[in-house]
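Participant: From these two lone chains plus the hints, build me the complex, please.
Sequence lines, in order, name chains A and Y.
Residue 82 in our numbering sits at position 82 of the first sequence; the count goes up by one each step and never skips.
Residue 67 in our numbering sits at position 67 of the second sequence; the count goes up by one each step and never skips.
Fair warning: there could be bad hints in the mix.
Stated by the list, open to error - Simulated crosslink set (EDC-like; lysine to aspartate or glutamate; CA at most 16 Å straight-line): (1) A:47 with Y:283; (2) A:9 with Y:6; (3) A:173 with Y:409; (4) A:265 with Y:409; (5) A:48 with Y:283.
What the hints contain is simulated information worked out from the structure, not anything from laboratory work.
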Amino acid sequence: MRYSLTHLKELEAESIFVLREVYAQFEKPAILFSGGKDSIIMTHLAKKAFWPARIPFPLVHIDTGHNFPETIEFRDRLVEKLGVQLIVGSVQKSIDEGKVREESGKNASRNALQTTTLLDTIEDHQFDACMGGARRDEEKARAKERFFSHRDDFGQWDPKNQRPELWNLFNGKKNMGEHFRIFPISNWTEMDVWQYILMENIEIPSLYIAHEREVIWRNNSWLPVSNYIKLEESDKPEVRKIRFRTLGDITITGGVESDADTLTKIVEEVAAARHTERGNRADDKRSETSMEDRKKQGYF
Amino acid sequence: MAEHNDYLDMQLLRFTTAGSVDDGKSTLIGRLLYDSKSIFEDQLDAVESSSAKRGLEHVDLSLVTDGLKDEREQGITIDVAYRYFATPERKFIIADTPGHIQYTRNMVTGASTANLALILVDVRNGVIEQTCRHSFIASLLQIPHLIVCINKMDLADYSEEAYQKVVRQYKDFASKLDVRDIRFIPISALHGDNVVNRSKNMDWYQGETLLHTLETIHIGSDHNHIDCRLPVQTVIRPHNNKYHDYRGYAGRIAGGVFKPGDDVVVLPSGFSSRIKEIHCFEESYEEAFSPMSVSVTLEDDIDISRGDMLVRPNNQPKMLQDIDVMLCWFNNNGPMPRSKYTIRHTSNEARCMVTEILYKVNINTLHRMEDDKNIGMNDIARVRLRTTKPLMVDDYSDNRITGSIILIDEATNETVAAGMIKL
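Next up, chain Y with everything else stripped away, as it sits in the complex (with noise of 0.2 Å):
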C-alpha cells in the first residue's frame, strides 16, 4: 500500500472527453473509474439494478455517469459533467460533454480547462464528421494534448492493419489543427483493453495503455511561466491594528514567475513600483507562479483596484479597444447589429459591441463561409468587437487566461458567448 504522504506529489489533469452514447464515451468512463477503483460499491449497486430495470443482461458502465434526470431518460449526455478519479500519481477531473454539433457549447466549456482532450473514434467507421468536430474544438480552445483512442478493437479482430488505417486517415485531417501533441491508442473499453491494463489481443502495439499515458504525460510546461500577468480580484485591507498600512494585491497568477525585488508596472495607469512581499496567507513566497492565488504587496503606495493588472515593465500585454476574437455562441438570439453587450476579460469589466463579422467557421470542416454573418446559437465566427474602454490582452495561444473573454446580455444576465482572442 502507498504511503500516506504520497498525496503530497500528486498533480492535478483536466481532461475532456466529448461523444454521443453510440461512440462507447461513457463506458470508457465507466471503464477508467471501475478499472482505478475508483467507483464504490453502492454506484455500482444503483448501476445493476438501473441495468436490470432496462432489460439489459450485463452490467452497462456507461449508466455510471448517468446525471439528470431528463439525460437518463433520454439516454444522452445534454449538460457537461465532472467525474473524478485518482491514481498514487495523480488526480483526474474529467469534463464530460455531449458530442452533437447542438451541444458545441458545452464541448466548448468542458475543453475551455483541459490540459488534454479524448478523441473516439470507432474503428470500424474511421474519422467521421464528429471526430473531426471534437478534434477541431480541442485545437480552437488550444489544448496541449490530444489522445485519440481507437475504440472497438475487438469488433475489428483487434487488426493492427485496421488500426493503421484509421491513425493514417486521422493524421491526414490533423495537418489542419494546431495541437502539439498527438497520440494514439488501440482500445476496447468494453474490454478494458489498454484502457488500464496493457491488451493481451494486441501485442503489435507497443506504446503505453490509456491510463499510464495519463498519468505520465508531461503537464508541467501547459501554464505560461514566461510573460508575467497579475489580475487584480480585489484589495485586501485589514484596517486592524497589526496590519494598519497593508494593502495587499489578490488574484490568481495568470502568467510568469513574480519574485520579491521585481519591478512592476500597474495597467492601464502606467504607475511603477517594487514587490515587497508575495502572501498566501502566513506564508511568505520567495516565487509565485500560475495558477497560485495570492496577494501582492508594493513598496509604493498607488492606486491599485479591481481589473488592473500587474506585469513587468519590459513584457507587457496588448492595450486594445478593438480585439479581435474567435466567438462560440452560445444562445438562441445571435448578436444584433450595435447591440451592447458586457465583456467580461480576466477581472476587469467593460461594455461592448460586435463591430464586424469577418466569418463563420464550419465547425466540421474548418472552412471560412465569408458569405454566411449570421450568427446563431454553437456557431463559431471570427468577429471585431469595440469596447468602451481598453483591455490589457494577450493571444489566446499565449495565454489561455489573459487571451479569453465571455459577453453578458444586459438585458437577460446570461452569458452569450465566449471569445478567444486573436492578436
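Pulled out of the complex, with its shape left as it was, chain A reads as follows (with noise of 0.2 Å):
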C-alpha cells in the first residue's frame, strides 16, 4: 500500500485541487452553503485546501424562510467558528418583491422559487463561481454534470452543449455575465460522505443524528410538523424516533426512522439502506425528469 491512497484521500485530494483551481480562475467565487452535510463537507475541504490561510470564499445561503432552525444555528456556529463571510439570498424578500409568487395548496414549497433568489443574489454580488455540494451519484441528471459547468447570461445549463472536462484540467472561461457552478465533490457518494464525515470526526446538525420529533406520515415518509406545513384532518401528527438523510426545507424533508444515534451506527445504516437519500425528497417527486428541469433554469 506505498504510495498508494484510500479512496476517501483520494476524493480528498481531487476536491481540494478543484478548490484552489476555482480560487486561480475566478475573481469573485462562493460558496453556495444549505446547512446540509454537503456543503459542510465542502466548506471544510475549504479549510484544509488554504490553511494556514482563512477560506477565501463567503458562504452564500439562499434562505427560504421554511428552515429547520437547527440548520440555521449550525450555520451561524459555523461561520462565527471559521471567519468567513455570510451571504443570505431571502426567497421571502422575491416573495416581497413581486418576482415570485407563492405557491399554495397542501404539498407547497419555496424549493422552486429559490432559482429566482439564487440568481438575483448571484447578479448582485457579480459571483462568477459558485460551489455547490450536488453529487453525481445523487440523481440521473447530475450524473452528467461537469465540476466546472458553465451558465449562460440567464442562469442556465444546457446539457446538450457541455465542455468536455479530461484529466485535470478545468476550463473556466467565460464572457461577461456569464458564470460557472462547480462542484468540488462530484465524484462522492453519500457513503463517502459519512465515511469521511466519521474519518475527520466533522460536526453536523443534530439533525442527521436519530432524535424524537413530531411527525406526520405524508408521500411515504415522515414530515415534520411545523408553522410551514398545512396539517389537513387525515394526518395524524404523533412522535418517532427518527433522522434525515438529506436536509432541505422543512416542508418538503422527509425523515427515516432510525435508531442511529451515533456516527458509526448511521454509517452502517447507509451502508444497509435500500432506498436513495433524495428518495425523501418531494422536491424531486414531481415529475421524472423534475430535477433535470429545474436545473437547466439555474437551480443548483
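Facilitator: Dropping the structure here:
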C-alpha cells in the first residue's frame, strides 16, 4: 500500500485540487451553503485547501424562510468559527418584491422559488463561480454534470452543450455576465460523505442523528410538523424516533425511522439502506425529470 | 457484516466503458450495480415502471443508466455519465460513454482519467470496427489495464471454442496496441455469468469473475512515482500573526515522491531551494506523492507563482515551445491556418497555434492518413504546436498529467481539443 491513497484520501485530494483551481481561475467565487452535510463537507475541504489562511470565499445561503431552526443555529456557529463572510439571499424578499409567487395547497413548497433568489443573489454580488455540494450519485441529471459547469447569461444549464472535461484540466473561461457552477465533491457518494465525516470527526447538525420529533406520514415518509405545513384532517401527528438523510426545507424533507444516534451507527445504516437518500425529497418526485428541468433553469 | 472501519483500507478504481445499446454495455453496468447491491429499491421501482411503460416483459437493467430526457427518448447514451458503486475492497467510478464514432470526443473524455477500460465484444460478432475503436482509444489515452469481456456467451451455448476464437482474433489485432495488461473474461451480462458470481455454465473457464478482477487488479503503480513534478496552482499567504511569513506553494503532485530536505528547482526560472515542509492542513508529511494535494514551503524566499513547477535538479521535464501532440478535435470548426488558441497545460497557460498537421489517424484501423489533413469534429491527428512561451512537458506515456494539454477557442471559450504530448 506504500505510495497509494485510500479512496477517501484520493477523493479529498481531488476536491482540494478543484477548490484551489476555483480560487486561481475566478475573481469572485462563493460557496453555496445550505447547512446540509454536503455543503458542510465542502466547507471543511475548503478549510483544508487554504490552511493556514482563511477560506477565501464567502458562504452564500439561499434562505427560503422554511428552515429547520437547527440548521440556522449550526450555520451561524460555523460561520463564526471559520471567520468567513455569510451572505443570505432571502426567498421571502423575492416574494415581497413580487418577483415570484408562492405556491398554495397541501404540498406547497418554496423549493422552486429558490432559483430566482439564487440567480438574483449571484447577479447582485457579481459572483463568477458558485460552488455547490451536489454529487453525481444523487440523481440522474446530476450524473451528467461537469466539475466546472458553464451557465449562460440567464443562469441556464445546457446539458447538450457541455464542455468536455479531460484529465484535471478545467476550463473556467467565460464571457461577461456568464458564470460557473462548480461541484468539488462530484465524485463522492452518500457513503463516502458519511465515512469522511466519521474519519475527520466533522460536526454536523443534530438533525442527521436519530431523535424524537413530532411528524406526520405523508408521501411515504415522516414529514416534520412545523408552522410551515398545512395539516389536513387526515394527518395524525405523532412522535417518532427519526433522522434525516438529506436536509432541505422543513416542508419537503422527510425523515426515516432510525435508532442511529451515533456517526458509526449512521455509517452502518447507510451501508444497509435500500432506498436512495433523495427518495424522501418531495421536490424530486414531481416528475421523472424534475431535477433536470430545474437545473436547466438555474437551480443548484 | 464488515467492520465499520474497513473503509479506511479501500482503494479507488476508475474505469471506462464504451458501447451502444445493442452490445449489452448498459445491461452489464446494470448487472454490476444490481449484483453488488448498489441499486436502491426506489431506483429499481423507477426502472420497473419505465420498463412496463415501454411494454417490455422483463425488467430492463439497462434503464438504470438512463440519463437526460433526450437520451431516454432516443434510447442512446450521448454524454459521459458517471456511476458509482463500492464493494468492501474498492470504490468504483464508471465513466459510461457512448460507442458510436460521432461521440469519439466523449469516449476520449471518459478514458482520460481511467485506470482501466472495459471492452465489450459480442461473442457472435467477434472483433468488429467498434471493438477496435474502443481499444485504440484506450491505448491512445494510455489506460494501463484493459479487460475484454466476451459477452452474450448464453447465445453461443457457453462454448469454449466460440470464446477462444474471439480471444485469438482480439490478440491478433491487439499486437498493434500499446497496452501492458489485457485480460479476457467470458460473460453473460443478461444472466450474470462471471460478472459478480462465477458461472455454472462455463466450467472450462478457470479465471476470475469480472468483479473479482476489478477488486484485485494491481493499480498501485498506475501513478508515476519516479519523476518529481509539482505544478503550482496557487500560493497560500495567510497574512496573520501566527503565520506571518508563511508562503505555501499549493498543488497536486503530478509525479514522483517529495520529501522535506529535498533539493528542488523551480521552473521556468531555474532558481533552486530545498523543501522545508509539506502540509495538507495541520498534517505534515514525511513523504508526498501523486495524486496528493499538498502545500509546500521552501527554505528560501523565491518568486514562485501559478504555472510554475517544482522538480528535482537531476530529473527535469523538457522546456519546449514547439510541441508534438496527438490531438483529438472536439469542435465543428476545425483549426484554421495560423489561428490562435489558448493552451492549458497543468496549471500553466499560454497561447499557441497549430503550425503543422503531420497526419490523421483512422481510429478504426490506426492507419496513418498522410494525404488527408483536414481536421474536423472527432478527428485524431498528429500535429505540431508553437506556443508563446516554453511549457514544462513530459511524454504522455511517462506522465498523463504533465503530458496532456487542452486547447481553448479564444472567441467562444469552448474547449476545442485535447492533446497527448509526444516527445
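Participant: All hints, please: hold or fail.
Facilitator: Hints and how they fare:
no. : hint             : result
1   : A:47 with Y:283  : 13 Å, holds
2   : A:9 with Y:6     : 14 Å, holds
3   : A:173 with Y:409 : 10 Å, holds
4   : A:265 with Y:409 : 51 Å, violated
5   : A:48 with Y:283  : 10 Å, holds
Figure legend: structure checked against the earlier numbered hints; the only hint not met is number 4.
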